[in-house]
Amino acid sequence: MAKQKSGHVGEEDTTGIVEHGDQTMTEYERIGEIDPNQCPDTESSNSRSEESGDDTEYEGCAGLEHDAPSAESDFVTDAIHGSYDLPSVPEVLIGADNRIRIRATASYPWRAICALKITAASGRRFIGTGWFVSARTVITAGHCIFMHNEGGWVRSVEVIPGMDDATRPFGSATGTAFRSVTGWTQSRQRENDYGTIILPANARLGDRTGTFGFANRNDSFLRAARLNLSGYPGDKGGNQQWFMAERTKSVSSRVIVYDIDTMGGQSGSPVWVLQDGKRFAVGIHTNGHQSGNSATRIEASVYNRIDAWRALGT
Amino acid sequence: MIVQFVDAQGRPIVDATVSVIESPQPIPDLGMLTDDAGEINIDVTAAGTYGFSLFHNGQTHRATSTIRPSDTKVRLWVS
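Top to bottom, those sequences are chains Y and H. Each step along the first sequence adds one to the number in our numbering, with nothing skipped, and position 300 is 300. Each step along the second sequence adds one to the number in our numbering, with nothing skipped, and position 78 is 78.
Source of the hints: derived by calculation from the structure; they are not laboratory data. Wrong hints could be hidden among the right ones.
List time: in silico SDA-like cross-link candidates among lysine to any residue, alpha-carbon distance up to 20 Å [claimed, not checked]:
#1 Lys-73(H) x Asn-149(Y)
#2 Lys-73(H) x Gln-9(H)
#3 Lys-73(H) x Glu-150(Y)
#4 Lys-249(Y) x Ser-291(Y)
#5 Lys-73(H) x Arg-125(Y)
#6 Lys-249(Y) x Gln-9(H)
#7 Lys-73(H) x Lys-249(Y)
#8 Lys-278(Y) x Ala-201(Y)
#9 Lys-73(H) x Val-6(H)
#10 Lys-249(Y) x Asp-7(H)
#11 Lys-249(Y) x Val-6(H)
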């Protein structure tokens, strides 16, 4: 079986092959021939395919990592949620709220993170978070684009990179072409909760924002990793980007658990590591719970799927 | 299951952003906007205490309620 190095540097228009040495990159074997009907990683889409775009070369964003605020590498602790009996009372945080508001949302990497305004097939409205991996490909949680209790594929998603209250430094675009995997759309498996929005051909916002890399890292790397997460939490109104970093709490084959504080609206946020000046998403934030918040881990099959979606939006 | 948010006069709180901040089991970290009836629809698969954060008019409120899967609608008053 063929093997390849797993890790895509988002700031460059590369083949997706990265050579950083075995101590930091995970080798994996390609998945063999599998009946797609039996495989939860089989792609699922809403069949609203988009043009692949014009021939404009993606110029990449080399060097933009230097724009990242130093807060990213700070080690901060978890906030504690309070809960109160009815009637509800204005928010009171117990203990320290260590989330950091990102105000420089026009700078990389924050500008590659997008507020999502979602309209479900049922007409109900939701908020989430996504992140660019190519000019028109926005990665997010599967439940941000396919809602089992709201009619399936969502009607539309407005993608707003680097949103900061009323400020939209890169404008916005509305996506109606979505992809996920059958493990989510048909089986609703938590470990397959991921998907993508392919923006229209004339909406190459990722060319201006830059993109995240993504990588398949091994267990030992992830267990020792300091994870970064930034998105658009609903308790702040959903129009401000908030960031927090923490070490990994636990890792399983398809899920990463951490004590990074998150709120509704941060589904789809990138969970990334900063390594050698490059940012690699290793997970897609999906779930919240008092015992630990969690991400769909970018393991081999997820990596391959994201890489294919990345190519669709170049 | 429907959760409705109303003010002290019982009027629906429309266009508020709601997050579930406490639940018996992990839940999707989506934010939900209340509709014209002040309602959201959440997937309740386990009985227990559910906590909600509601952002409206620049202020965040929190509330908890004990909910069972057999419940069809819960109303929460926001003071």
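Right, here's what the structure says about each hint:
A C-alpha spacing of about 16 Å is found between Lys-73(H) and Asn-149(Y), which places the hinted pair at or below 20 Å, so the restraint holds. The straight-line distance between the Cα atoms of Lys-73(H) and Gln-9(H) is roughly 19 Å, inside the 20 Å bound, and the hint therefore holds. Pair hint Lys-73(H) plus Glu-150(Y) holds up; C-alpha atoms about 17 Å apart against a cutoff of 20 Å. Pair hint Lys-249(Y) plus Ser-291(Y) holds up; C-alpha atoms about 10 Å apart against a cutoff of 20 Å.
Our distance criterion of 20 Å between C-alpha atoms is met by Lys-73(H) and Arg-125(Y), whose separation comes to about 19 Å. A C-alpha spacing of about 44 Å is found between Lys-249(Y) and Gln-9(H), which places the hinted pair above 20 Å, so the restraint is violated. As the CA atoms of Lys-73(H) and Lys-249(Y) are separated by approximately 35 Å, the hinted pair breaks the 20 Å bound. For the given pair, Lys-278(Y) sits about 28 Å from Ala-201(Y) by alpha-carbon distance, which is inconsistent with the 20 Å threshold.
Distance hint between Lys-73(H) and Val-6(H) is fulfilled; the C-alpha atoms sit about 13 Å from each other, no more than 20 Å. Using a Cα cut-off of 20 Å, the hinted pair Lys-249(Y) and Asp-7(H) is violated, with the two alpha carbons roughly 39 Å apart. Among the hinted pairs, Lys-249(Y) with Val-6(H) is inconsistent with the structure: their alpha-carbon atoms are about 38 Å apart, more than 20 Å.
When each numbered hint is compared with the structure, violations occur for hints 6, 7, 8, 10, 11.
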